[in-house]
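S.K.: This is what each chain is made of:
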Amino acid sequence: MAVLEVAPLEGPVFTNRRSRIPVSISAAVGIGILAVLVVLWVWGAVAPPHNPLATDPASQLLPPGAGHVLGTDKFGRDILSRVMAGTGLDLAIALLVTGIAFTVGVLVGSLAAYNGGWLDDIVLRVVDMVLSFPAFVLALAITAVLGNSVRNVVIAIAVAYTPYFVRLARGEVLSARRSDYADNARAVGNPGWRVVFLHLLPNCVTPALVQASLTMGWSILDASGLSFLGLGIKPPTAEWGVEVSEGASNIVSGEWWTSVFPGLAITSAVLSFNLIGEAIQTRFSRRR
Amino acid sequence: MSTNLLTVEDLTVAFEGQSRPVLSRVNLQVPADGWMGLVGESGSGKSLTSLAMIGLLPPGASVLGGRVLMDGVDLLAQSPDQMRRVRGSRIGMIFQSPRSALNPLMTVGAQIARSISHQTGVPHAERGAVELLRKVQMPDPELRVHAYPHQLSGGMCQRVLIAMMLAARPRLLIADEPTTGLDVTVEAEILDLMHSLQEETGMAVLLITHDLGIVAEHCREVAVMYGGRIVEEAPADLLFRDPGHPYTAQLMATLLRADRPVDFAEAVGNRHPDVAAGSGCRYAPRCPHAEQACITTSIELEIAGPGHLVACRRRRQLAGLSIDEKAGMTRVGPRS
Amino acid sequence: MKSPLLQVSDLTCEFRVRGGTVHALNGVSFAVEAGETVGLVGESGCGKSTLARCIVRLQRPTAGRLVFDGQDYAGWPERRIRRLRRDVQMVFQDPMTALNPSWSARRLIMEPLLLHRIPEREARLRHLLDEVELPEGILNRRPGELSGGQRQRVAIARAIGPRPRFVVLDEPTASVDMSIRAGLLRLLRKLQREEGLTYLFISHDLSTVRHIADRLLVMYLGKVVEEGAMESVFSKPSHVYTQVLLSSIPIPDPSVHRERLPMLGEPPSPTEIPTGCPFRPRCPQATDECKQPQPYYEVAPGHRAACRLAKPAGGRETFAGVKRGVA
Chain V
1 MAVLEVAPLE GPVFTNRRSR IPVSISAAVG IGILAVLVVL WVWGAVAPPH
51 NPLATDPASQ LLPPGAGHVL GTDKFGRDIL SRVMAGTGLD LAIALLVTGI
101 AFTVGVLVGS LAAYNGGWLD DIVLRVVDMV LSFPAFVLAL AITAVLGNSV
151 RNVVIAIAVA YTPYFVRLAR GEVLSARRSD YADNARAVGN PGWRVVFLHL
201 LPNCVTPALV QASLTMGWSI LDASGLSFLG LGIKPPTAEW GVEVSEGASN
251 IVSGEWWTSV FPGLAITSAV LSFNLIGEAI QTRFSRRR
Chain L
1001 MSTNLLTVED LTVAFEGQSR PVLSRVNLQV PADGWMGLVG ESGSGKSLTS
1051 LAMIGLLPPG ASVLGGRVLM DGVDLLAQSP DQMRRVRGSR IGMIFQSPRS
1101 ALNPLMTVGA QIARSISHQT GVPHAERGAV ELLRKVQMPD PELRVHAYPH
1151 QLSGGMCQRV LIAMMLAARP RLLIADEPTT GLDVTVEAEI LDLMHSLQEE
1201 TGMAVLLITH DLGIVAEHCR EVAVMYGGRI VEEAPADLLF RDPGHPYTAQ
1251 LMATLLRADR PVDFAEAVGN RHPDVAAGSG CRYAPRCPHA EQACITTSIE
1301 LEIAGPGHLV ACRRRRQLAG LSIDEKAGMT RVGPRS
Chain X
2001 MKSPLLQVSD LTCEFRVRGG TVHALNGVSF AVEAGETVGL VGESGCGKST
2051 LARCIVRLQR PTAGRLVFDG QDYAGWPERR IRRLRRDVQM VFQDPMTALN
2101 PSWSARRLIM EPLLLHRIPE REARLRHLLD EVELPEGILN RRPGELSGGQ
2151 RQRVAIARAI GPRPRFVVLD EPTASVDMSI RAGLLRLLRK LQREEGLTYL
2201 FISHDLSTVR HIADRLLVMY LGKVVEEGAM ESVFSKPSHV YTQVLLSSIP
2251 IPDPSVHRER LPMLGEPPSP TEIPTGCPFR PRCPQATDEC KQPQPYYEVA
2301 PGHRAACRLA KPAGGRETFA GVKRGVA
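Residue numbers (the working numbering), protein chains in the order written: chain V, 1 to 288; chain L, 1001 to 1336; chain X, 2001 to 2327.
Hints were generated in silico from the structure; no laboratory data involved. Treat the hints with care, as some may be off.
Only pairs whose alpha carbons sit at most 20 Å apart, straight line, appear in this in silico EDC-like list of lysine to aspartate or glutamate [what the hints assert, rightly or not]:
1. K2190(X) - D1263(L)
2. K2311(X) - E2289(X)
3. K2002(X) - E2036(X)
4. K74(V) - D56(V)
5. K2002(X) - D2069(X)
6. K2236(X) - D2214(X)
7. K2311(X) - D2288(X)
8. K2190(X) - E1266(L)
9. K2236(X) - D1259(L)
10. K2002(X) - D2072(X)
11. K1135(L) - E2266(X)
12. K2236(X) - E2298(X)
Pair ranges (Cβ atoms, derived) [unchecked claim]:
13. T103(V) - Q1018(L): 38 to 46 Å
14. A2229(X) - T103(V): 53 to 61 Å
15. G192(V) - R2016(X): 42 to 50 Å
16. A2174(X) - H1124(L): 43 to 51 Å
Glycine is no exception: its CB is placed at the ideal position from the N, C-alpha and C atoms.
Work out the full structure: start from the sequences and follow the hints.
M.R.: And the structure:
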């Protein structure tokens, strides 16, 4: 049977394409920094130059040099090894927090949007309530109540960021719910949950991914902020915020390396996640 | 035949980053009065041609060659300021989706008044706006003049655009799918309105559409586009009765008429869908009469008769065939 | 006499919107027999899209009955409706928006087969591709990578996969190029024969409907104003609105000149339905009599119109829900 059509003649007449570099420079920088951090994490886990917890009174406050590439702190511990260990801890916290906030948030948000009614109302009110507190303050309060441990820090920060995902997923699903393909999915015989999870969500996931990337960075800031203030994670655990806090008093006396290097680690981690998030945003919104 | 108001010569337009031009040596002669139809399906380039004519190509598109002559002047060579003056006073344009062409934050009266002021230099032209609305048969013009676009139906918005365009009294009106998406009764009203206005002002109309029904009703001459090229140009009755190009024949063979139901047709003969239409005729992959020469080299519009231009290498051999034969279709019996 | 496959009785559907209530359907009644194609035409605001959505229960009607195979499903809960969806399917207007853009054609066509537990799915998939005249190569492509006609064929294959008995087609050729339109209609006709389908074909384009439907329903502001066999309605349009509509259709033949019948006033709003005949404010032949609800008058066997001008000399009325009598 002869079919008259061939593939489309051209694309849509008004295609407006810019240059086709697959990855922008900022994305490359972001990924590059993250790669460096991951290398540090693995290196620190497998074969750190020194034991991050080993004190050495003879080697206190040595400047960067041979033997201690980034110097030592006031207890004689190797800064580089401590930064590596901190990388592992902070990245793990970031992953856990983002994982929890993303999963719980997207689930709750999309179900609330699809079902509407009282569920949606309750979810909205709770989200509004939680979002009325600045995330850091909320995490601070929760940690103070729950106690100082890594686990509680993760919970506290996750609670603070889940509402962002709830609102995001809810918004996306609400608008997608009215689309023709959602109607089509229902008309063909899909039950509600399949419409949401198999049809709607996969098309809504990009903004959530962007938010996830940003949340990775912010949770590192919050965790290290908490430990800098003396809450959450406490010394001698090697965590970037702890290290900055321990080294802060030394800046005045001129031993800058004790807090600058952990501080740089925090900055670059946050920067890298921001750049990656931005790159996801531009790449996927252009394709739409 | 009347003299030509606007002549498009060998217009070639491409988008950056694309190897093949999206408009390829387009030649079109728009007569100084009456209606001309520019027909094509999606992707044929008909809208882009009209945008190129008035200097409103989208970003990323550039003119690689050709001229658009009006009153001896090449419009493509004009500066943006000069083109701004041409638009409105010499060439007016109305589009599909009239509501989105209007400013949602201004009343329609204000927008028409602005159009009048822009053209005549007279400020505060609100009175004139009501008059123009009356002229375009808007019900209750004194009330409607204070309405916002979202308060009006699609057909009414199109009337507003026509009114704005009338304020300028252009010599040529380009109407790009002006009634697509409107109800058929509204469409008929709008087109009849445009017809009476056109007769009154003596302007020319270039109607761009995919709907052969309105072409048959309103247009005197018709040009057919396919793949960024004009493949045929003819007076309307000749185009429908005895088209010269296989693509036109295909359009005619697959026409559905409300007044006279036709039997369904099926394609016969060989097509070459895998052939990448390179430098040859763009229709070759779908054409039942394509030869090797058609695939490798393209052909320009040639005179096939008085007022009749066809861009087909094999037009002489195909000349005696029926429409169905030219289109490579055969009727498969009654509809049921 | 066999009962119809689908019987719509007095269907009403209203929505509350800001600024009032939209009365999309105001007592629509008609029947569709197994194996036939009923065409439904009307302009914007007539309620045809709402009617389509009510029939496939994407929308719950406010009142009235929807009887499929003898069962009234208008008020059924969603769970029960899902089972009905094996028998009643819909092809949407624009496949570009109606098909999930990130799913492949294969997944789209396969999904209903999975949902309704159709046995031997792979074989059915191949058979469907054959039926809708699509090459196997399109299976891995997404809707955006297909042409308009191919997309609509995928949508059709998706709808008829689970072997429905009744298919609502909502403007299926509206978003497709002209040269493809006739081929798609021919395909639909062929599928109807081979799969034993019954169609409700909704369109604003009478030229299209004329070539596929056996009977025609003309709607205006939520009511059926005229109904009858296609040839009968076209040769003897009896409601003034039908006459206006038919006179406004452009004919693609320069040698044909038609006189357009005008209407008064401006397009109506479904938030304010006039009393009596809904067309009254725009009708050039309206009288005071038209302010009363108009009964259907029989114009020819199986052809009725709700217009005083359709009244035969003897003034005979038919029942509001006309039974299809002699074939």
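S.K.: Starting from the hint 53 to 61 Å, judge whether the C-beta atoms of A2229(X) and T103(V) obey it.
M.R.: 59 Å, holds
S.K.: Given the hint that K2190(X) pairs with E1266(L), test it: the Cα-Cα distance must not exceed 20 Å.
M.R.: 12 Å, holds
S.K.: Next pair to validate is K2190(X) with D1263(L); report whether the Cα-Cα distance is within 20 Å.
M.R.: Distance ~13 Å between K2190(X) and D1263(L) Cα, so the pair holds.
S.K.: Could you grab the alpha-carbon distance between K2002(X) and E2036(X) and see if it respects the 20 Å cut-off?
M.R.: 13 Å, holds
S.K.: Take a look at whether the Cβ-Cβ distance between G192(V) and R2016(X) falls inside 42 to 50 Å.
M.R.: 23 Å, violated
S.K.: Can you confirm whether the C-alpha distance between K2002(X) and D2072(X) stays at or below 20 Å?
M.R.: 17 Å, holds
S.K.: Take a quick look at whether K2236(X) and D2214(X) sit within 20 Å of each other, Cα to Cα.
M.R.: With a Cα-Cα distance of about 15 Å, the restraint between K2236(X) and D2214(X) holds, given a limit of 20 Å.
S.K.: Can the restraint linking K74(V) and D56(V) be considered satisfied, given a maximum Cα separation of 20 Å?
M.R.: Holds, because 9 Å separates the two Cα atoms, which is no more than 20 Å.
S.K.: Checking one constraint from the list: CA of K2311(X) to CA of D2288(X), max 20 Å. Satisfied?
M.R.: 16 Å, holds
S.K.: Is it true that the C-beta distance of A2174(X) to H1124(L) lies inside 43 to 51 Å, as the hint says?
M.R.: 44 Å, holds
S.K.: For K2002(X) and D2069(X), compute the direct alpha-carbon distance and say whether it is at most 20 Å.
M.R.: 11 Å, holds
S.K.: Taking the CB of T103(V) and the CB of Q1018(L), does the distance hold inside 38 to 46 Å?
M.R.: This hint holds: roughly 43 Å between Cβ atoms.
When the structure is compared with the earlier hints, a violation turns up for hint 15 alone.
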